[in-house]
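Engineer: Chain by chain, the residues:
Protein chains: 4
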Amino acid sequence: DQPLLVIAGPCQLESLDHAQMIAGVMAEACAAAGAQYVFKASYDKANRTSLSGRRGMGMEAGLKVLETVRASGIPVLTDVHDIAQAREAAKVVDVIQIPAFLCRQTDLLLAAGETGAVVNIKKGQFLAPWDMANVAEKVASTGNENILLTERGASFGYNTLVTDMRSLPIMARTGYPVIMDATHSVQQPGGLGGSSGGQREFAPVMARAAVSLGIAGVFIETHEAPDTAPSDGPNMIPLDKMAALIASLMAFDRLAKADPLHV
Amino acid sequence: DQPLLVIAGPCQLESLDHAQMIAGVMAEACAAAGAQYVFKASYDKANRTSLSGRRGMGMEAGLKVLETVRASGIPVLTDVHDIAQAREAAKVVDVIQIPAFLCRQTDLLLAAGETGAVVNIKKGQFLAPWDMANVAEKVASTGNENILLTERGASFGYNTLVTDMRSLPIMARTGYPVIMDATHSVQQPGGLGGSSGGQREFAPVMARAAVSLGIAGVFIETHEAPDTAPSDGPNMIPLDKMAALIASLMAFDRLAKADPLHV
Amino acid sequence: DQPLLVIAGPCQLESLDHAQMIAGVMAEACAAAGAQYVFKASYDKANRTSLSGRRGMGMEAGLKVLETVRASGIPVLTDVHDIAQAREAAKVVDVIQIPAFLCRQTDLLLAAGETGAVVNIKKGQFLAPWDMANVAEKVASTGNENILLTERGASFGYNTLVTDMRSLPIMARTGYPVIMDATHSVQQPGGLGGSSGGQREFAPVMARAAVSLGIAGVFIETHEAPDTAPSDGPNMIPLDKMAALIASLMAFDRLAKADPLHV
Amino acid sequence: DQPLLVIAGPCQLESLDHAQMIAGVMAEACAAAGAQYVFKASYDKANRTSLSGRRGMGMEAGLKVLETVRASGIPVLTDVHDIAQAREAAKVVDVIQIPAFLCRQTDLLLAAGETGAVVNIKKGQFLAPWDMANVAEKVASTGNENILLTERGASFGYNTLVTDMRSLPIMARTGYPVIMDATHSVQQPGGLGGSSGGQREFAPVMARAAVSLGIAGVFIETHEAPDTAPSDGPNMIPLDKMAALIASLMAFDRLAKADPLHV
Numbered sequence: 194d195q196p197l198l199v200i201a202g203p204c205q206l207e208s209l210d211h212a213q214m215i216a217g218v219m220a221e222a223c224a225a226a227g228a229q230y231v232f233k234a235s236y237d238k239a240n241r242t243s244l245s246g247r248r249g250m251g252m253e254a255g256l257k258v259l260e261t262v263r264a265s266g267i268p269v270l271t272d273v274h275d276i277a278q279a280r281e282a283a284k285v286v287d288v289i290q291i292p293a294f295l296c297r298q299t300d301l302l303l304a305a306g307e308t309g310a311v312v313n314i315k316k317g318q319f320l321a322p323w324d325m326a327n328v329a330e331k332v333a334s335t336g337n338e339n340i341l342l343t344e345r346g347a348s349f350g351y352n353t354l355v356t357d358m359r360s361l362p363i364m365a366r367t368g369y370p371v372i373m374d375a376t377h378s379v380q381q382p383g384g385l386g387g388s389s390g391g392q393r394e395f396a397p398v399m400a401r402a403a404v405s406l407g408i409a410g411v412f413i414e415t416h417e418a419p420d421t422a423p424s425d426g427p428n429m430i431p432l433d434k435m436a437a438l439i440a441s442l443m444a445f446d447r448l449a450k451a452d453p454l455h456v
Numbered sequence: 194d195q196p197l198l199v200i201a202g203p204c205q206l207e208s209l210d211h212a213q214m215i216a217g218v219m220a221e222a223c224a225a226a227g228a229q230y231v232f233k234a235s236y237d238k239a240n241r242t243s244l245s246g247r248r249g250m251g252m253e254a255g256l257k258v259l260e261t262v263r264a265s266g267i268p269v270l271t272d273v274h275d276i277a278q279a280r281e282a283a284k285v286v287d288v289i290q291i292p293a294f295l296c297r298q299t300d301l302l303l304a305a306g307e308t309g310a311v312v313n314i315k316k317g318q319f320l321a322p323w324d325m326a327n328v329a330e331k332v333a334s335t336g337n338e339n340i341l342l343t344e345r346g347a348s349f350g351y352n353t354l355v356t357d358m359r360s361l362p363i364m365a366r367t368g369y370p371v372i373m374d375a376t377h378s379v380q381q382p383g384g385l386g387g388s389s390g391g392q393r394e395f396a397p398v399m400a401r402a403a404v405s406l407g408i409a410g411v412f413i414e415t416h417e418a419p420d421t422a423p424s425d426g427p428n429m430i431p432l433d434k435m436a437a438l439i440a441s442l443m444a445f446d447r448l449a450k451a452d453p454l455h456v
Numbered sequence: 194d195q196p197l198l199v200i201a202g203p204c205q206l207e208s209l210d211h212a213q214m215i216a217g218v219m220a221e222a223c224a225a226a227g228a229q230y231v232f233k234a235s236y237d238k239a240n241r242t243s244l245s246g247r248r249g250m251g252m253e254a255g256l257k258v259l260e261t262v263r264a265s266g267i268p269v270l271t272d273v274h275d276i277a278q279a280r281e282a283a284k285v286v287d288v289i290q291i292p293a294f295l296c297r298q299t300d301l302l303l304a305a306g307e308t309g310a311v312v313n314i315k316k317g318q319f320l321a322p323w324d325m326a327n328v329a330e331k332v333a334s335t336g337n338e339n340i341l342l343t344e345r346g347a348s349f350g351y352n353t354l355v356t357d358m359r360s361l362p363i364m365a366r367t368g369y370p371v372i373m374d375a376t377h378s379v380q381q382p383g384g385l386g387g388s389s390g391g392q393r394e395f396a397p398v399m400a401r402a403a404v405s406l407g408i409a410g411v412f413i414e415t416h417e418a419p420d421t422a423p424s425d426g427p428n429m430i431p432l433d434k435m436a437a438l439i440a441s442l443m444a445f446d447r448l449a450k451a452d453p454l455h456v
Numbered sequence: 194d195q196p197l198l199v200i201a202g203p204c205q206l207e208s209l210d211h212a213q214m215i216a217g218v219m220a221e222a223c224a225a226a227g228a229q230y231v232f233k234a235s236y237d238k239a240n241r242t243s244l245s246g247r248r249g250m251g252m253e254a255g256l257k258v259l260e261t262v263r264a265s266g267i268p269v270l271t272d273v274h275d276i277a278q279a280r281e282a283a284k285v286v287d288v289i290q291i292p293a294f295l296c297r298q299t300d301l302l303l304a305a306g307e308t309g310a311v312v313n314i315k316k317g318q319f320l321a322p323w324d325m326a327n328v329a330e331k332v333a334s335t336g337n338e339n340i341l342l343t344e345r346g347a348s349f350g351y352n353t354l355v356t357d358m359r360s361l362p363i364m365a366r367t368g369y370p371v372i373m374d375a376t377h378s379v380q381q382p383g384g385l386g387g388s389s390g391g392q393r394e395f396a397p398v399m400a401r402a403a404v405s406l407g408i409a410g411v412f413i414e415t416h417e418a419p420d421t422a423p424s425d426g427p428n429m430i431p432l433d434k435m436a437a438l439i440a441s442l443m444a445f446d447r448l449a450k451a452d453p454l455h456v
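Protein sequences, first through last, are from chains F, W, B and S.
Using my numbering, the first residue of the first sequence is number 194, and each one after it goes up by one.
Using my numbering, the first residue of the second sequence is number 194, and each one after it goes up by one.
Using my numbering, the first residue of the third sequence is number 194, and each one after it goes up by one.
Using my numbering, the first residue of the fourth sequence is number 194, and each one after it goes up by one.
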């Protein structure tokens, strides 16, 4: 088993300097702790709660920033929203990500698979974990089996998500690596009326519980000043707490991988 | 208040003859009962549970069929999945529909609004009814206020939907007409493993309960032989039962509109 | 089919005068509208959210009040919380009610059945509608088939209930009359921290949707001044609105019973 | 911080020999692993799904068995269903337990508190974790603060429970020790029609995820032959797997308690 993969970065790209700063801090923290690292950021927030939410720098500018980060030797991930974006993004990044709301869009999954990039599929808030086998099969039908499956919570009443820890071993039965998204799973979708709320304080709870089960990786959004970040501030973890969090998670990762659950 | 609007047709287009046959039967049933009628059919099922599900005849052929139906004097509705489709479909149909999974995709909502067509937005299974105000505002920001909001159930545990009747008056507070989708709300998403199950027998229950609240319309999928239909058979209502259902619903519609609820 | 049964009264007994006043107003309203009437009130609120919530006048005093109301010719219902109470209450009232939280307590159900009184069982917020067949069977095993089954909402995330209209015809398959509790189904359990919140404005919505399906009866808590009532104020309907509500529901009841759904 | 408390035993008492056998195996496994141990068994299953489910040996016989187990130096826990039982059981056992369905019954909580025994309160499937502060306060109002709070899953659609890991730190804010019930949380209530189903294979998943958060203890039902046990067989863990499970959990417990989360 590989050591824990940490996919981390800001919710949205803000500037090249900002991306490089966060990527640098995170790469160092992961190296120190023995974790693998992938930088994550979005060039477009395509489904904000309300029209007035900030969307980001756009694909063209964003991919240039990601290309620069990658040139420094750090693998990068970004999310795509249509077929054309999947093709463009795959030229520049290591991992393209299918957003949860779009995880059943057959053509997008096929196009993503055809790029040959690693495809990280977020599980829809409206799906059961076993439904992800059919979703992954759409990508795999292209011959591309570089697939990651990410848990980010399921709808639980209104404006609330819940994470069922059983979903992690259930999705692992597909044979694909399973990732826990520790920050979106503590979102309160639409919970602030015009934007989503979140419970940042519980992100380390979700991450640790999931890592203890021996999953492949965690996905964590982070920012040096979450309270003024352009999106997802309520659930992002402050950047200056990430090194300690990663180090702590690595201890659970080693223990979990030395003592695998058989489900 | 207008009499009940009935949006009805097969889940997916099969042929011109088939579309004309169903549109004809339904138009006659609605006229006899005093209901308004819009023919509904999809040219592409873009998010089937599994890759092997049949998707339909495609946009170009499908829009031709819809154009022919419309030429006979029957208004038509179809669903669109990206910006280009919204623009093409709006040239041919009266109502373009935003699928539930896509109801938060800002660019699609803006493009739909800009066509000037009526836009029917299905409420996502992952949204609270009050969240739809922000969704509608994305369309309305284009200056197009010809908006319909459709309830089709909310996620309730795994592979199950539940319809909260409160969502109908809550969505009506936006001022836009509210539609009850009586057949998708009794879907069991992914419930058959490789496809969705459904509880056809409860569709008239959902329709009647909703109509009694004085809503603007119902959305019902129907087929002459649901058990062999290419999609959504488990929840479609047999075509030969539709005339009686519409007549029954119209009695509740008249009573409800003569005695409006004040919520 | 019988005309609609209306079970209505204050959440908790306050005094003999108060009970007689509400019973009188309701009996008159039901008679005028052609509905059947049963007076409902509790002598003890045994499961308040917090210890400081007011519990009521106690069994002995409460049963005396109910006995007096009944002597005026109005049938009465009250809820019981243990075997001894079931036996005592059944001597005085027409209907004993099993609270939702207690609907799986086998001994209480058996004791209730053995009294020979009508037994109204509230469906637990944690049960599926089909689970109520096993619950009713516990009572029926005593030879007492005078059973009513009441829907009052299912847990939906935290501090929220949702009512699945399918539950009404599903429970009706048992052959026992089905009641819709229109005021507890709009409770927000624990939603005010130290007590439950509620959405009084939606109680008529739940009542009308359910009555349109042809159910046997509705359960509605009412008070002349809900905002100062000792319990459940947020979801009770003001007494001065009840006559109009009952009259409105009777129109839907007649229409529904003339046009039964076959589920 | 104390080492992990393991509350474990069969769902229902079968005989003195059986109880002693299981208590002996478990005590040895816990001692070997450095865990604390409390024997758990029920003398009456008071809320079986259906009337035909086996209920157990009854209070009088059951308490004698528990007394004998306790005389061998092993602390014991049993659940109580009314005030009289609380008083009787508290004479014999160390911990009396309030079943989840009964966790809002004020008089039972007060009576349990007044016994002076440790009171373990299972969180109702219909409650939010923060609602348990009001529940615990009912017991604490008696002056007895020897309270444990146990997570056993929340209602999630029909016949399904989900465990929200956030509930553990949320309940811990009360200051009372928090226990994870790893076997009831994987029940499928009523899922087999006449009895509850379960997913035994996920019980170690729930236990490990929870223990990694630094909780006080786990609750696990076990049996030497779960498939023929009189109740809860589908979710009990085979006795011969318990020693390895406890040893594994203790490794996570030590790591978690050396690195506490601050929520």
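Worth flagging that the hints you see were computed from the coordinates, not collected in a lab.
This one's a predicted model, so the numbers in the text were calculated from it and none came from an experiment.
Glycine included, C-beta positions come from ideal geometry on N, C-alpha and C.
Watch out, some of these pointers could steer you wrong.
With the C-beta cut set under 7 Å, the calculated list includes, among others, these residues of chain W facing chain S [what the hints assert, rightly or not]:
1) F349
2) G350
3) Q392
Computed cross-link-like contacts, DSS-like style, restricted to lysine-lysine with a CA-CA straight-line distance of at most 30 Å [said to hold, decoys possible]:
4) K238(F) <-> K434(F)
5) K450(F) <-> K257(S)
6) K238(B) <-> K238(S)
7) K434(B) <-> K450(B)
Engineer: Each hint: holds or not?
Structural biologist: Going down the list of hints, with the structure as the test:
1. Nearest Cβ of chain S to the Cβ of F349(W): about 5 Å, under the 7 Å cut. The hint holds.
2. Taking 7 Å as the C-beta cut-off, the interface hint given for G350(W) holds, the closest approach to chain S being about 2 Å.
3. Nearest Cβ of chain S to the Cβ of Q392(W): about 12 Å, over the 7 Å cut. The hint is violated.
4. About 25 Å separates the Cα atoms of K238(F) and K434(F), which keeps this hinted pair within 30 Å; it holds.
5. At roughly 45 Å between alpha-carbon atoms, K450(F) and K257(S) are farther apart than 30 Å, so this suggested pair is violated.
6. For the given pair, K238(B) sits about 25 Å from K238(S) by alpha-carbon distance, which is consistent with the 30 Å threshold.
7. For the hint linking K434(B) to K450(B), the alpha-carbon distance of about 24 Å falls within 30 Å, and the restraint holds.
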